[in-house]
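Input sequences plus hints: build the corresponding full structure.
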Amino acid sequence: MKRLYSFLFIFLILPACSRDGGNVNTDLGHRMLLIGNSFFRPYAEQIDVVAADEGYVNHNNTHVFRGGVNGNAINFWNDSTTQRHLEVKEAFDNGGIEYFGMTAGGSSRANGTEGFREWIQYGLQENPDMKVFISIPPIDFPTNWTDTAQYYGFNSIESFYDYFVNTIVHQNVIDPLRAEFPNTPIFTIPTGWAAVHLLKMKQDGILLDSVDLSGPLATSLFTDTKGHQGQIIIEAGALMWMKGIYNMDLSSSAYETGFNTDLHGLAHQIMSDHDPLYNQ
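For the sequence shown, this note's numbering gives the first residue as 1, with consecutive numbering after it.
Simulated from the structure, these hints should not be mistaken for lab results. Only a predicted model underlies this, so the values are computations on that prediction, with no experimental measurement involved. Some clues are possibly wrong.
Here are the computed lysine to any residue pairs in the SDA-like style, where the Cα-Cα straight-line distance is at most 25 Å [to be verified]:
1) K131 - A179
2) K200 - N172
3) K89 - Y99
4) K131 - D275
Spelled out as structure tokens, the structure:
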């Protein structure tokens with residue numbers, strides 16, 4: 001158990017209209033403010049592409065990014081004189097934010113909601129009806145996933161990531177935030193499952209695409225040893241975001257991911273398996 005608590009502390013300080021045949025949208029899109037790091041940014045940017053392709057004509061996304069631990073909510077908040085901090089406040093001050101998204105990570109062991117709480121409090125002043133979501137990234141250094149899981153007492157990366165989602169984030173971050181902000185919808189998107197499942201599919205030989213473990217963005221699961229995600233993972237994760245935020249019907253989506261592997265089906269299955277208590 002001491003190792004699990006150590007992981008909690010260590011991980012949280014790391015950066016860790018419609019198309020023909022597609023969805024008929026009654027939801028035309030929302031204005032969002034998304035802040036995070038390089039394990040968050042690709043999905044925040046890719047949903048702009050998917051939303052436009054799927055006819056969410058009112059989708060509008062303000063991005064504010066910083067690398068590594070600087071992209072965690074608590075560091076965005078504490079670095080109060082930086083340009084990026086001021087950009088987040090300016091976006092809130094202008095009003096009209098309907099969704100505010102952050103990346104999991106950065107909180108201390110003693111206070112899982114720090115950073116998240118402060119930004120939510122600030123944002124609600126001019127955006128009282130906004131909804132909040134936290135994207136849960138994959139564990140870093142994917143070539144070490146098995147060893148990392150075993151070190152913390154789990155027999156697989158799947159069981160370890162499940163613990164990270166459902167205990168570390170849901171119980172220690174989301175539940176207290178919901179108690180403090182009972183009138184604000186707060187939900188999660190377990191984005192990291194895309195990386196976990198696609199790596200397992202590659203290992204099992206059932207991917208329908210020829211992709212390397214690590215290498216160029218377009219043709220690899222990961223782009224480096226840290227575990228920055230390649231395009232196939234980004235596409236799957238972005239579809240998860242579209243499902244989590246817009247409840248997009250992935251089974252009828254005509255969006256082309258550029259891959260043969262059924263990323264729509266994978267994203268749908270992951271989101272279907274996600275604890276419904278932590279959907280919006």
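Now for the hints, and whether the structure bears them out:
Taking the CA atoms of K131 and A179, the gap is about 15 Å. The hint holds against a cut of 25 Å. Of the pairs offered as hints, the one joining K200 and N172 is violated, with about 28 Å between alpha carbons and a cut-off of 25 Å exceeded. Between K89 and Y99 the alpha-carbon distance is near 14 Å, which keeps this suggested pair within the 25 Å criterion. Under the criterion of a C-alpha separation no larger than 25 Å, the hint pairing K131 with D275 is consistent with the structure, at around 18 Å.
Hint compliance for this structure: hint 2 alone is broken.
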